[in-house]
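Protein chains in written order, with our numbering: chain X, 1 to 304; chain F, 305 to 962; chain A, 963 to 1175.
It should be emphasised that the hints constitute simulated quantities derived from the structure, not laboratory data.
Keep in mind the model is a prediction, meaning the values are calculated, not measured.
Covered stretches of chain X, as calculated for chain F (at least 3 residues, CB under 8 angstroms):
#: 1; stretch: 61-75
#: 2; stretch: 121-134
Quick list of the computed label-pair ranges, beta carbon to beta carbon:
#: 3; chain 1: A; residue 1: V1030; chain 2: F; residue 2: L935; range: 31 to 39 angstroms
#: 4; chain 1: F; residue 1: L929; chain 2: A; residue 2: L1135; range: 39 to 47 angstroms
#: 5; chain 1: A; residue 1: E1161; chain 2: F; residue 2: S961; range: 45 to 53 angstroms
#: 6; chain 1: F; residue 1: G669; chain 2: A; residue 2: V1136; range: 56 to 64 angstroms
#: 7; chain 1: X; residue 1: M276; chain 2: F; residue 2: W856; range: 28 to 36 angstroms
#: 8; chain 1: A; residue 1: A1147; chain 2: F; residue 2: L954; range: 21 to 29 angstroms
#: 9; chain 1: F; residue 1: P412; chain 2: A; residue 2: E1161; range: 36 to 44 angstroms
#: 10; chain 1: A; residue 1: H1157; chain 2: F; residue 2: G938; range: 15 to 23 angstroms
#: 11; chain 1: X; residue 1: G177; chain 2: F; residue 2: P571; range: 40 to 48 angstroms
#: 12; chain 1: A; residue 1: E1168; chain 2: F; residue 2: L929; range: 20 to 28 angstroms
#: 13; chain 1: A; residue 1: A989; chain 2: F; residue 2: L929; range: 43 to 51 angstroms
#: 14; chain 1: A; residue 1: V1136; chain 2: F; residue 2: D814; range: 53 to 61 angstroms
Where a beta carbon is used, it is the ideal one built from N, C-alpha and C, also for glycine.
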Amino acid sequence: MSFVDVAAALLVPALFPPLMLGVITRTKARLSGRRGAPLLQPYFDLARLLRKGIVRSRTTTWVFFAGPVVGLVTAFLAALVVPLGARGSLVEFSGDLIAFAYLLALGRFFTIAAALDTGSAFEGMGAAREAAFSCLAEPAAFFALLVLVKLSGSFSLAEMLGPGLPGLWTLGSPSLGLAAVSLFVVLLAENCRIPFDDPNTHLELTMIHEVMVLDHSGPPLALILYGSAVKLFAYGLLLVRMVTPFELETTAEGVAVSVAGLLLLSILIGVVESVMARLRLLRVPSLLVGAGLLSAFGVMLLVG
Amino acid sequence: MTTALALAAIACLAASGLAAAGARGRGPACADRIGAVLVAAGAGLGALSACLALAGRGDQLVVQTSLPGGALVFGVDALSALFLLPVVAVTLACSIYSLAYFRASDHPREAGRLRIAYGLTSAGLLLVLVARHGLVFLAGWELMAIAAFFAVTAEDRDPDVREAGFLYLVCTRASTLCLLALFALFWIATGSLELVAAPLGRIPLSLQSAIFALALAGFGLKAGLVPLHIWLPPAHAAAPTHVSALLSGVLIKAGIYGLVRVVSLLPEAPLWWGESMLGVGILSAVLGVAFALAQHDVKRLLAYHSIENIGIIAIGLGLALVARSLSRPEIAVLALAGALLHVVNHALFKSLLFLAAGAVVQATGIRSVDSLGGVAKAMPVTAFCFLAGAVAIVGLPPLNGFISEFLIYTGLLRSVAFETGRAWLLAVLAVPALSLTGGLALACFAKVVGAVFLGEPRSATARAAREAPAAMLGAMGALAGLCAAIGLVPSLIVPALTAACATVLSLPADVIRAPVAALSLLNLGVLALCALVGVALGLRLLRGPRGAAGTWDCGYAAPGRRMQYSASSFGELLVRAFEFALRPRVDAPRLAAVFPGPASFHSDVPDLMLDRVVSPASRALARGLNHLRALQQGSIHAYLLYVWIALVALLVATGASG
Amino acid sequence: MIELLDLVLVAVLLQNFLMLGTSRLRAAIQFAGIQGVLVGAALYIAHADAGLRVLALAIATVILKGLVIPSILLRAMRNVSIRREIEPFIGFTTSLILGALATGVSLVFSRSLPLLDEHLEALIVPASFATVLTGFLVLTTRRKAITQVVGYLTLENGIFVFGLTLVEAIPFLVEIGVLLDLFVAVFVMGIIMDHISREFSSLSTEHLTSLRE
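Isolated chain X, as found in the complex (with noise of 0.2 angstroms):
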């Protein structure tokens, strides 16, 4: 990889995630008839937060910033092993989509690790949710992600998503569509967006991610914000790599293509929240089983 690869793969996770969070909260305000926040808000959201002070609470240990910090890190780094284009990957070496499941994983215990310091009956709440439904949404992005190992013969996420991947595509393409959509309903699960969780809500009893978040302030919570946004990045990126079957040949066509991808898949879930309500808890077992299953259909019909 060149200087230039190396760059792009870097500042782009870097600087563009709030971008993504930015757009979706626009998307929705515009379908709702408002005019809506600037598309740069995040960024001045997050400057001010690391600008203020903390208030801890006396229950919190040193736990309560390591969630932010580990979480942060965590999503940063997985998003460096999916690639930006046909370039491969900062963080590449044979298996790594185990590595970008696992990273994720550890971000997720130190959040709810942290959530659980505070001894809050919301908090602990929102953690035991996001353990629960995340715990029904690894099999289901395992099995979207078998999908392209059987169909690209490896295991790194830069070859499977690299230069054959248009070759894939007419492979096996009923396979790799049930793959992109149990895909993106694990996104959602993952990222806490509608139909799992509102991210906009305060109600106590239908929040998970924010309801987890709920003590934090200052620094630590722009940590937050920004880790979830570098998430869906991540998230996002290895959808759109996997539904854009494109031939690509240098860094700002990857660069490109990605990004627009994003801020496509960006207003996507802008629609999505606005077009539907948020699921009854009880419901949300069965669609992440659900988005399970159809990928697990997309594996049966390549290995049958």
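We have chain X; now place chains F and A onto it with these hints.
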């Protein structure tokens, strides 16, 4: 030389308890220390022997006796050495831990017995690992099993402990029975009891399959594969903590060692061996962690996680067997290396978890996860060690669990990517099953860490906890350090792994070097980045305004300690999702009147196999066998008559056939 | 010297019948003692050429089985002051008939066993089987503990006779160990008999019925 060192280690360990008992006159603390010193000597000798064997200097020792079965052979090779290392590490750590946990001055009646049993258990285990002859293996196995029984029932004044010990004894006798049959068949098949690889093609396949089935049953009983795991949770809950750590960390690995040995001795494995082990592994992994979610007692919870991890090891072993049957050397090596590394890793982090949990239980006197909380403030080092163990057992970077699970995943992914055919179907299923297990384990351990160490204390005794004594902290810290070392610098253990894999599969094992090196970099990167960002955040926070207050909790004005999310509530969603397997028993209050009085709610998840299958079956068997009571009249003459009839019948039978 | 050995073994078989038929305890003990002496002599006669070891063993057997053990039993008998055996479960006559049957069966039966050539025509194996079966018969059918101990002694004599075929194979230590075993067993039984008679004021073992659920 290597084997002689190992035998000396065995002698030291066996003598540790007895010498300490002999020195009882000089005071209980002195006896404790003598025992610990001897255990340390034994551990050192064992580690030296293992290192020599891994460096290629493994050898054998032949002892001529007049016993039937030929000369007794002892030997240390790379596979034994790989198992020896965690055994000595865990034995030493638990022994140091027990200096402060089970002091002879606090338990005058039980400490001496426990020390003898502990020494004999570890000696028996080491004997199993260096046995190259069926009789030696069985002798070591029996010694280990019986001594472990006495160690588990150390505090036998408690009826629950006695019952758990009895269940353990029954299961271990069943396992020994299977092993006796196994070695008898082996003798018939190969003509000698020496554990060398059978020549290809000379043993009929039915005999080989019988040997494998007996091995799966006998060693599976010891290892705790579902559905033969019923003794594990009660035994772990009943035993003193360092004995539970020994049980979970190394004793059940003896079962895995036996399976690997038997598999290495029978090179022509048909496909169904690997498939059955893979299937059993998937079942154990998923069910083990599902049951763990529903437990209230922290030690039972950890026991079920042991079952889960044994399942993961069995998945690796099964895949290696399947790959060997279908001649895919790379997949076999990756899967086996992952399984063996997981053996080492699990020994380390499971013992760490048990020791930390034991420290908490000793400090607060509470075993139920629902009554603890906020212990991290009083016991920060213990909390850190437990957190490290939790991150390791879930298999998260940057610790060692991630590396072994990654190797198994790589093997599975290779089979998905490159192989087609019905034979690999289970491997395709194993990948999501493994990820589900990982997710459930994450949920469970986040729950335990949060409910026990974080938040506010839920009871008075939890509030009154104090940090554990130095011996306990030292043992925990050493184990945590080893976990981190293997996680961050796994190239330390790669030579050992390659040597052990070569012993079992006779294949070059260089294919594991590349992924492990990449993982090492990743782990170091994660740790370094987290440290960097953490330091940056810390500096930023120190500069800015800071305030402290109670938990804001969305503006709730009067939070109470009991209002925290309890561990049972945390796991409720998942327990409900797995209701078909867990079958929780709920004792809900029935509302009788308009203004009901105080009532209580109790929910429990008993072990499915024990509660629904084994206990009813044994009750039915007892009822059926009651009819044979008529034979037992109590008259001595009747009994003598039975003996006479049997003798005459035997004579007639011999005469008729002769 | 096969003929002398055969004579001795016939005498052993005779002792069996005598023991089965008598109801006097003192006589039964004496018959057992005589049988022990005969067995020790048989040992020496069968393997006179094996040297000092066999001589020592034979002398030890004679002393132990012929003198020491009967004296222990006689002393126990004096302590509980019992003279006679009451009617056994199957009657004295029936016992004799069964004993004869057992001897006949063992004679017929030993033909079909895979023995070494030198032992095929000898009386050793049939005599041992017959003595063992007689011992069992006495054990099973007599009511008093002392008679049951005598039956046990007969059983051991039978096993010892069988051991005559294996003198070269069994190490000296094992033989001495077996004798010691016997001595200890009888000693213990003597003590137990004392306890039985004190507990139940009789020596009949029909009272010992708690070994059941």
